[in-house]
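Heads up: the protein sequence lines correspond to chains Z and D, in order.
First residue of the first sequence: 1, per the numbering used here; consecutive thereafter.
First residue of the second sequence: 1, per the numbering used here; consecutive thereafter.
Hints may contain errors.
[Said to hold, decoys possible] Simulated pairs of lysine to any residue, SDA-like, Cα-Cα distance not exceeding 20 Å:
{"hint": "1", "chain 1": "D", "residue 1": "K108", "chain 2": "Z", "residue 2": "K11"}
{"hint": "2", "chain 1": "D", "residue 1": "K108", "chain 2": "D", "residue 2": "S14"}
{"hint": "3", "chain 1": "Z", "residue 1": "K57", "chain 2": "D", "residue 2": "N2"}
{"hint": "4", "chain 1": "D", "residue 1": "K56", "chain 2": "Z", "residue 2": "K11"}
{"hint": "5", "chain 1": "Z", "residue 1": "K11", "chain 2": "Z", "residue 2": "E102"}
{"hint": "6", "chain 1": "D", "residue 1": "K108", "chain 2": "Z", "residue 2": "S87"}
{"hint": "7", "chain 1": "D", "residue 1": "K68", "chain 2": "D", "residue 2": "G29"}
{"hint": "8", "chain 1": "D", "residue 1": "K108", "chain 2": "Z", "residue 2": "F104"}
{"hint": "9", "chain 1": "D", "residue 1": "K108", "chain 2": "Z", "residue 2": "F45"}
{"hint": "10", "chain 1": "D", "residue 1": "K108", "chain 2": "Z", "residue 2": "E102"}
{"hint": "11", "chain 1": "Z", "residue 1": "K11", "chain 2": "D", "residue 2": "G43"}
{"hint": "12", "chain 1": "D", "residue 1": "K68", "chain 2": "Z", "residue 2": "F45"}
{"hint": "13", "chain 1": "D", "residue 1": "K108", "chain 2": "Z", "residue 2": "V74"}
{"hint": "14", "chain 1": "D", "residue 1": "K77", "chain 2": "Z", "residue 2": "P61"}
{"hint": "15", "chain 1": "D", "residue 1": "K108", "chain 2": "Z", "residue 2": "R22"}
{"hint": "16", "chain 1": "D", "residue 1": "K60", "chain 2": "D", "residue 2": "T71"}
Rather than coming from a laboratory, the hints here were simulated on the basis of the structure.
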Amino acid sequence: GAGVSQSPSNKVTEKGKDVELRCDPISGHTALYWYRQSLGQGLEFLIYFQGNSAPDKSGLPSDRFSAERTGGSVSTLTIQRTQQEDSAVYLCASSSDRFTGELFFGEGSRLTVL
Amino acid sequence: GNSVTQMEGPVTLSEEAFLTINCTYTATGYPSLFWYVQYPGEGLQLLLKATKADDKGSNKGFEATYRKETTSFHLEKGSVQVSDSAVYFCALSPLYSGGGADGLTFGKGTHLIIQP
């Protein structure tokens, strides 16, 4: 597609359930990023992929969070045993060059944990 | 570590007013600096950038100058419009900082509201 696509756009789940969030980056973009946007907290870096590998996982908030990327394209962010504090908008971005800082963002997946 | 501090919002202005949104940063080395904008219901998009000291980024009437001596990258516009209402994020990229996490470091965002 023309832009970064994320799904679902909205997800409501119960505490303790697992959720998967999907990101389809711009075709040909080798770098992919996940951020979390919480009210009043700005954007929090979660993880970065270059191709299928994740050289930097330092931002994942706990071991309940994991992410993978396959075929150098689609990425999935998985949150296990969700907690209420996981409620946020999860943003995906891609870039053709990891060094330029010019990221193209999707519209985000809004997660609400009840 | 790297950090970005920007003025708290919301900032409310009348149409045609002059806009300044302050942004200061802390980083080692020589980061690139960015302003991103998030319009209602949309994803973030790059507004402008500057990659070295004294560079001026500009786009859509907005400008920001990379001031290394004051570690600042303030966003300005001479005459704002209702359509400029959005959340503005200042960010830095640690390309030349010699280390740190990949990805941009963002400020918390400034919500700008322009009234007709």
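When the hints from earlier in the document are held up against this structure, which numbers fail?
1, 2, 4, 5, 12, 13, 14, 15 and 16
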